[in-house]
Amino acid sequence: MYSFDYHRPRSVDDAVRQLGGEAKLLAGGQTFIPTLKQRLAQPDKIVDLGGIAELSGIKVEGDAVVIGAMTRHGAVAASAEVAKAIPALAKLAGGIGDPQVRNMGTLGGSVANNDPAADYPAALLGLGASVETNKRTVAADDFFTGMFETALGEDEIITRVRFPVPQAAGYAKFANPASRYALVGVFVARTPGGVRVAVTGAGPGVFRIGAMETALAGNFSAGAIDGVSVSADGLNSDMHGSAEYRAHLVTVMAKRAIAAAGG
Amino acid sequence: MTDTGIGASVRRKEDRRFTTGKGRYTDDIHRPGQAIGYFLRSPHAHANIKGIDTTAAKAAPGVVAVLTGADYAADGFGNPICGWTVTGKNGEGHIAPPHPTIAVDKVRQVGDAVALIVAETLDKAKDAAELVEVDYEELPAVVNIADALASGAPQIHAEAPGNLCFDWDIGDKAATEKAFSAAAHVTTLELVNNRLVPNAMEPRAAIGEYDSGSEEITLYTTSQNPHVARLVISAFVGLAPENKLRVIAPDVGGGFGSKIFIYPDEIAVAWAARKLDRPVKWTAERSESFLTDAHGRDHITKAELATDKDGRILGLRVATLANFGAYLSTFATAVPTYLYATLLSGQYAIPTIYAEVKGGFTNTSPVDAYRGAGRPEATYVVERLMERAARDLGIDPAEFRRRNFIGTDQFPYQTPVILNYDIGDYGASLDKALEMIDYGNFAGRRAASERNGKHRGIGFAAYIEACGIAPSAAVGSLGAGVGLWESAQVRFNPTGSVTVFTGSHSHGQGHETTFAQLICDRLGVPFESIEIVHGDTKEVPFGMGTYGSRSLAVGGTAIAKACTKIVDKGKKIAAHLMEAAVDDIEYKSGVFKVAGTDRQTTMAEVAFAAYVPHNFPEGVEPGLNESAFYDPLNFTFPAGTHIAEVEVDPATGTVDIVDWVAVDDFGNVINPMIVEGQVHGGIAQGIGQALLEGCVYDRETGQLLSGSYMDYAMPRADDLPNFRVGLTNTPCTHNELGVKGCGEAGAIAAPAALMNAITDAIGSEIDMPATQEKVWRAVQSRRMAAE
Amino acid sequence: MATVSMTVNGKSVSADVEPRTLLVEFIRQNLHLTGTHVGCDTSQCGACVVHVDGRSVKSCTMLAMQADGAAVTTVEGLATNGKMHPIQKAFNEHHGLQCGFCTPGMLMSAIDLIKRHPNPSEETIRHELEGNICRCTGYQNIVKAVKAAAQEMGG
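Residue numbers (full-length UniProt numbering), protein chains in the order written: chain A, 1 to 263; chain V, 1 to 787; chain D, 1 to 155.
Simulated from the structure, these hints should not be mistaken for lab results.
Owing to the predicted nature of the structure, the values given are computational and were not obtained by experimental measurement.
Heads up, some of the hints might be wrong.
Stated by the list, open to error - Capping the alpha-carbon separation at 16 Å, the derived lysine to aspartate or glutamate pairs in EDC-like fashion look like this: (1) V:K565 with V:E626; (2) V:K774 with A:D63; (3) V:K22 with D:E76; (4) A:K37 with V:E304; (5) A:K37 with D:E18; (6) V:K50 with V:E133; (7) V:K593 with V:E605; (8) A:K24 with A:E149; (9) V:K50 with V:E137; (10) A:K45 with D:E123; (11) V:K275 with V:E177; (12) V:K244 with V:E285; (13) V:K50 with V:D105; (14) A:K37 with V:D718; (15) V:K173 with V:E285; (16) V:K454 with V:D438; (17) V:K244 with V:D211; (18) A:K37 with D:E25; (19) A:K84 with A:D63; (20) A:K59 with A:E149; (21) V:K50 with V:D172; (22) V:K561 with V:E605; (23) D:K144 with D:E123; (24) V:K126 with D:E122; (25) V:K569 with V:E605; (26) D:K115 with D:D68; (27) V:K571 with V:E528; (28) V:K89 with V:D167; (29) V:K89 with V:D172; (30) V:K774 with A:D238; (31) D:K144 with V:D631; (32) A:K37 with V:E285; (33) D:K83 with D:D53.
As the list claims (entries may be wrong) - So these bits of chain A aren't anywhere near chain V, every CB distance computed over 10 Å: (34) R39; (35) K84; (36) A178; (37) G241.
Every residue gets a Cβ at the ideal spot worked out from N, C-alpha and C, and that includes glycine.
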């Protein structure tokens, strides 16, 4: 690691004041610290959000589950509220990394990092969640803008994510055999506004498949997407899976997610 | 059998320190005043070094020294060597280009050290490393051995034209060709044995320390064979004479072969410590281990099996290309030759065999022995061929093997490829394995899987290995630069406890327990009163270390021989104490008796008398402390049958291992619990090779793409099934313990068994690792062909 | 430099460290508690697992500063007054270790696992040990040991 200064603010406002220059936010650190160790980032200041109590917690507010940005994956996975309202979300959180990563890694950190193989972005996009920051609320559809890119501004900190409770949802992940990140992960949700199908791992960023959503709107069952072909164009290709294989897995995982959602 | 003697599953002595955090691995050791070493390594696979500027780095905060290859060369020390000379078809020894300890004017692999930065902390050393300016002139790289040996390939060493190290053969070419021309059927397979990274969980590490008063260098290091390290660093590198070089291998966190070798890094650390007169510690980071630990396997092979109309083998023909990487590691040349081609007869009576091996250089990490070393590659060739041939001939694969087994009445059996098997009963292991897996009902299980949309397959590997390495004269005649005996010293302390000094080295094998059981059995000493000492060249007699499943067969036999000497001397003392004739003394389990009387004395009383010799036989030296060296008379030949059963999900290509049966003949077993653990671990590594692990280099740039656990798939708990282990026993005929060795069997048998099961399930041949995509594609193309 | 204070195995410790110091570096180098190991640099092998405020974490993926004020337990803190923890006994009894290098992290993860799953199935154990790599044992005896320890611990 390069040398840096360390701050541990007690409030979001305090944290915002520390930002600027080459300062970086530290949430759970499960991606960021390995990045620092490899000297792939050189912040002059680290602002650790771990001391801000208001950023953690899980609440059911009306027809949504609202989860604080610093809530650990393990807490989401173990939450009775989440399990009751959106079991697919609890299952997804329980499959991120490994237990130790889940004990440190946070929702906000994962979302802000927007790793193309991370699980949470699929849940946000699939459920049509909204990201609340210290400044505004951004719909998931507008939040994930590209590989490791989001709509977050320089002095913006995610505070909470609001997940509308769907009628049904399922997540199926095909893990990279080495890293255990998603080679392909598909989140399917049946919501009052329609069916949403979000894919992570397969492409340069999380994306929806409109053709599947349309096919599922009238018939929420695995068989409904038989006629939908997923193009390999633009999908990731590496030693763990070609674009063609990933395209195929998108359909297989989508079907498993639909089945998990009771379709 | 006592509850702590031979044959008992005694719980391990060493566990207490390992489960309480009191293990003492190299990186745990902190020497007063120690500085930290960090290697700046080449980011290029092949480049000329036009210049190195260390000025800024030397001036950075906390930096003690920045040392380059030029500094090392200027001090006039030598470099790592390859200790086994392979004589090729041309009658000449292999080509051994120099392996600079620190690169001077050229780098030949990503990860070649170009400078050693010594600083007060690791972070400061890394900060300074960024200030070293190296002017590289990049050269085209080659990583695949077939590419490297093709004309027009980039030339890696001036000394090795065409990147060829040797072109070697074994067996009778003419007789084999004749057998093939008479064959009713020839089965041909082209196989890739994938390159693996050993990945002992403890990364390599070293601490060099110099005492200017005694002029002695101490090197703490992660070694499986500290004396061999001392020998090489002394005799070939010349850092210090053997008597002024102490090598300590404390607790070592796994080796699997990768810690046999004398690497440039450890040499550089010892050199820096001496040069700076200050302890220097270096611990590899995992990404560094991926680049610098010697890798395993990496063969490309064409193999052909000739059979007659009755399904009997007439001959075997094999041509292999072996990738040595950028430099020859310590025993690299022996692996694809004498540890590989000599095992090609497998468990079968094959009238004639001919094998050719070309070894060559590429811009990759060096390749050397990894768990099994040559024998997994041989088993993979033989057992994939056997399975393929059985399917081609329409003979049940178990029956086809049985038809060609060397019969129990044929031992000792001289193979056409040097080795002489002393004993075995291959049918017994096969039968037991078939029974355990319930082979008779496989068809029903397969049908049930198909009904669930899964493809089920079953695969065999009837492996053999040559262990107990090795008779010195034999290996000497084949090119080894060392003898392969082992040493032991058994020392009674005056109060009856025993300290055993062994040249073997334990890095997970549990020697402290197994050897203590042996002592307990032979000398009647309580298990708790036995201490096993290993790993320090200043404490233990010169020994050859641990690899090739040799510790018990060779090191254990040496201990047994020392015990015999103890008993012989004890008889003289006991005879004197009991006023009887030596010839009348009978010894059993720690008690000396006068034959035909009730007079007796114990080993503890004899030991006390030996150290307090107030009443002692004339002409007998005081003390009870005996040494023995044991040079084995032959290799040992563990063998057995593994059967794997898999289910393949055609939708994703995922392979689920649903059952695994291993039946092994290791000869006599001292601690069944430890033996079973060794089998489990070996199978896990073999499954890793077949299913998950594969070293991937970029074919253009020579960059290691699978350079961390993010991309190199290590077997984890949820990747593996439970293994069902059984034993058969034909005791080894030429060591007094009747033991053969068990450490490598699993890794040798597993890849072939699993690949045979997968190819059975999917109906086509694929190479390892059988990744999900590869399996899926194979299933797809079969489905398309069927439609 | 920054001051970091925490409780480690019941003892209060405090030191001035560079903010870039990892928790594992603090434990190994400042406190000389070398039972916690480092086996990789990508947060996967789990040799470095310790408990921070009762939860298992990878101490190679946490700054020492993040543990400021926390209660940390390392493998050295498991046995009390020379009495081995049931997980330590079970690993010995069921031969759940060979070279011992992954063992401390494995034990710490296992304890956390058993806390959350008092009566774990074999499948649960294998899944929960995803973050701990062992190269020696093939995991079979580790799974056995964890199961036995869970029973012993009253699951």
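Q) Is the hinted pair K59 of chain A and E149 of chain A satisfied, with a Cα-Cα distance of at most 16 Å? A) Not satisfied, since the Cα-Cα distance of roughly 28 Å exceeds 16 Å.
Q) Under the criterion that the straight-line Cα-Cα distance not exceed 16 Å, is the pair K571 of chain V, E528 of chain V satisfied? A) With Cα atoms ~24 Å apart, K571 of chain V and E528 of chain V exceed 16 Å; violated.
Q. Hey, K37 of chain A versus E304 of chain V, does the alpha-carbon distance stay inside 16 Å?
A. Distance ~50 Å between K37 of chain A and E304 of chain V Cα, so the pair is violated.
(Q) Given the hinted pair K244 of chain V and E285 of chain V, is their Cα-Cα distance within 16 Å? (A) violated, 30 Å
Q: Would you check the hint for K565 of chain V and E626 of chain V, treating anything up to 16 Å between C-alpha atoms as holding?
A: The hint holds at about 6 Å.
Q | A178 of chain A remote from chain V - nearest C-beta pair above 10 Å | A | violated, 4 Å
Q. Is the straight-line distance between the alpha-carbon of K89 of chain V and that of D167 of chain V 16 Å or less?
A. holds, 6 Å
Q: Measure nothing beyond the straight line between the CA atoms of K37 of chain A and E25 of chain D; if it is 16 Å or shorter, mark the hint as holding.
A: holds, 12 Å
**Q.** K173 of chain V paired with E285 of chain V [C-alpha distance capped at 16 Å]
**A.** violated, 47 Å
Q. If you draw a straight line from the CA of K24 of chain A to the CA of E149 of chain A, is it 16 Å or shorter?
A. Judged against 16 Å, a Cα distance of about 15 Å means the pair holds.
Q | Restraint status (C-alpha distance of K50 of chain V to D172 of chain V at most 16 Å) | A | Cα-Cα ~49 Å, so violated.
Q. Is it true that the CA of K50 of chain V sits at most 16 Å from the CA of D105 of chain V?
A. holds, 7 Å
Going through the hint list in order, the structure does not satisfy hints 2, 4, 10, 11, 12, 14, 15, 16, 20, 21, 22, 24, 26, 27, 31, 33, 34, 36 and 37.
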